[in-house]
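Student: Sequence:
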Amino acid sequence: MSDRIWYRYGTAAAAAALVFILHAALDRYLEDRTFTIIYVPVVLFATFAGGRGPALLATLLCLGISAESRGRDLVTDPANMIDIACFAILGPILGFMGDRLLRDSKQAGDRQAHLQSILNTVPDAMIVIDDRGIIRSFSAAAERLFGWSPDQIVGKNVSSLMPQPYRDEHDRYLERYLSTGERRIIGIGRIVVGERSDGSTFPMELAVGEAKARGERFFTGFVRDLTERRAQERRLQELQSELVHVSRLTAMGEMASSIAHEINQPLSAITNYMRGARTLMAAETLDITRMRDALDRAAEQALRAGDIIKRLRQFVAKGETQPSLESPVTLLEEAVALALLGAKEQGIRVAIRSDRDIRSIIVDKIQIQQVVLNLVRNAIEAMASTARRELTVGVAKTDSAAIFTIADTGPGISPAIVERLFQPFVTTKEHGMGVGLSICRTIVESHGGHIDALPNAVGGTIFQFTLPFAEAGEEV
1 MSDRIWYRYG TAAAAAALVF ILHAALDRYL EDRTFTIIYV PVVLFATFAG GRGPALLATL
61 LCLGISAESR GRDLVTDPAN MIDIACFAIL GPILGFMGDR LLRDSKQAGD RQAHLQSILN
121 TVPDAMIVID DRGIIRSFSA AAERLFGWSP DQIVGKNVSS LMPQPYRDEH DRYLERYLST
181 GERRIIGIGR IVVGERSDGS TFPMELAVGE AKARGERFFT GFVRDLTERR AQERRLQELQ
241 SELVHVSRLT AMGEMASSIA HEINQPLSAI TNYMRGARTL MAAETLDITR MRDALDRAAE
301 QALRAGDIIK RLRQFVAKGE TQPSLESPVT LLEEAVALAL LGAKEQGIRV AIRSDRDIRS
361 IIVDKIQIQQ VVLNLVRNAI EAMASTARRE LTVGVAKTDS AAIFTIADTG PGISPAIVER
421 LFQPFVTTKE HGMGVGLSIC RTIVESHGGH IDALPNAVGG TIFQFTLPFA EAGEEV
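In this text, residue positions in the sequence shown follow UniProt numbering: the first is 1, and each later residue adds one.
Treat the hints with caution; some may be incorrect.
[As the list claims (entries may be wrong)] So the derived label-pair ranges between C-beta atoms look like this:
1. Glu471 <-> Thr289: 21 to 31 Å
2. Asn456 <-> Ser200: 55 to 65 Å
3. Val193 <-> Gly155: 22 to 32 Å
4. Gly155 <-> Gly209: 15 to 25 Å
5. Glu471 <-> Gln265: 36 to 46 Å
6. Pro455 <-> Gly347: 15 to 25 Å
7. Arg278 <-> Ser446: 32 to 42 Å
8. Asp357 <-> Gly306: 44 to 54 Å
9. Gly347 <-> Ala282: 17 to 27 Å
10. Lys212 <-> Ser160: 23 to 33 Å
11. Val193 <-> Ala299: 51 to 61 Å
12. Ile417 <-> Ala384: 40 to 50 Å
13. Lys212 <-> Ala14: 21 to 31 Å
[What the hints assert, rightly or not] Here are the computed lysine-lysine pairs in the DSBU-like style, where the Cα-Cα straight-line distance is at most 30 Å:
14. Lys212 <-> Lys156
15. Lys397 <-> Lys365
16. Lys212 <-> Lys106
The hints are simulated quantities; they were obtained by calculation from the structure and are not laboratory data. For each residue, glycine too, the CB sits at the ideal point set by N, CA and C.
Sequences and hints are given; from them, build the entire structure.
Tutor: The following block contains the structure:
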């Protein structure tokens, strides 16, 4: 710190010494005039070298030089008195003004350095262009993202960072905005495609701001690479699809004994009908009518078993999401039929109450049937320990959506967990994992709907979920 002070004030003294030598060399040409104008550069130099203090010191030294060189003429000559008085006033003013400029310059430099450090570390790329689309600034993040150095890209049109056909269209977009004020990206932001120096393209999120400085208009673009985000979204979607599929397999595993019993019934009937037909064939008098009836009934049972197996295979099949135009009533009835396999033996009374003439919905049929199956199976398990076992399912219509309802007469849901019911790993079952309802919510919300659990007025729980209707003329 002391070295800095000596440098600042020493510089002022050295400048004053130089002007003293210059004044001495020019003394014969100055006659009796003080000519303090030659001291002004000394004060300015001292100001910008060290600030206000050195400037005042330089002013005093210069006044001393004038007093020593002019002697009594300094006070007896009115012109010299005016000259020296003006310099005595001007010197401190220059010192204070210069000091203020010095501080402002230092602060501006600090702000610039701070801003530059932010721009060099901010993860989003920043590009500044003028109203002709010429790149004026290219941040370090932009250099890493696009593969261009500032020396290579600054001064070129920003369209060079875009693939075709956007490259040819950009200048026209900019001209249209400047002439009409119509905003497409500025202040709004959107997903666009960028091009790296090697010619590869990538999705990016672009936000653009506008500013005016010194009569010029500038646009600042902030660019975020979406390549990794899109990859993560795809991976998350794949994981969710895997989880949904595993959930279906788990449900089928839990229903295995019921499914086996349900399929065994038509197989047993087929066996009996075929044995009956064989007996008729062994009789002395062949009864064609009774034999044909037995074979027809056996065929009906075979079709029934095949239909059950077909539904099971469709339900547990792993595949891509396949949206299709579906009737809510038909979708519900097919899902309930699958969910009720083996439920007859538990003494459950089932009522299906649906509105008719309900508009179609665009959904993944298997996923929505999975939601219905999960909710129906949960209702059946909830009523296992109650005397009253009534299951009511149905679908109703509103102006914009179909409302699916699954109501049971079980013990209901504890208020302590009702708010967390659809969160992962929250369950009311003794051996449950708590993922079924979470998957139901994921499926319903991915279709643009909403799911709720409400108390049943007669005891138990009502699950309701909505699915929006397809728009008129909408196609898959």
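Student: For every hint, state whether the structure bears it out.
Tutor: For each hint, the structure was consulted:
1. Glu471 <-> Thr289: 21 to 31 Å: violated (55 Å)
2. Asn456 <-> Ser200: 55 to 65 Å: holds (58 Å)
3. Val193 <-> Gly155: 22 to 32 Å: Check passed, 23 Å falls within 22 to 32 Å.
4. Gly155 <-> Gly209: 15 to 25 Å: Given a distance of about 21 Å, which is inside 15 to 25 Å, the answer is holds.
5. Glu471 <-> Gln265: 36 to 46 Å: Holds: the Cβ-Cβ distance is about 43 Å, inside 36 to 46 Å.
6. Pro455 <-> Gly347: 15 to 25 Å: holds (24 Å)
7. Arg278 <-> Ser446: 32 to 42 Å: violated (54 Å)
8. Asp357 <-> Gly306: 44 to 54 Å: Violated: the Cβ-Cβ distance is about 32 Å, outside 44 to 54 Å.
9. Gly347 <-> Ala282: 17 to 27 Å: At 42 Å between Cβs, range violated.
10. Lys212 <-> Ser160: 23 to 33 Å: holds (25 Å)
11. Val193 <-> Ala299: 51 to 61 Å: holds (59 Å)
12. Ile417 <-> Ala384: 40 to 50 Å: At roughly 19 Å between Cβ atoms, alanine 384 and isoleucine 417 fall outside 40 to 50 Å, so the hint is violated.
13. Lys212 <-> Ala14: 21 to 31 Å: violated (45 Å)
14. Lys212 <-> Lys156: Satisfied, since the Cα-Cα distance of roughly 20 Å is no more than 30 Å.
15. Lys397 <-> Lys365: Given pair lysine 397, lysine 365 holds - Cα atoms ~18 Å apart, limit 30 Å.
16. Lys212 <-> Lys106: holds (24 Å)
Hints 1, 7, 8, 9, 12 and 13 from the list above are not met by this structure, while the remaining hints are.
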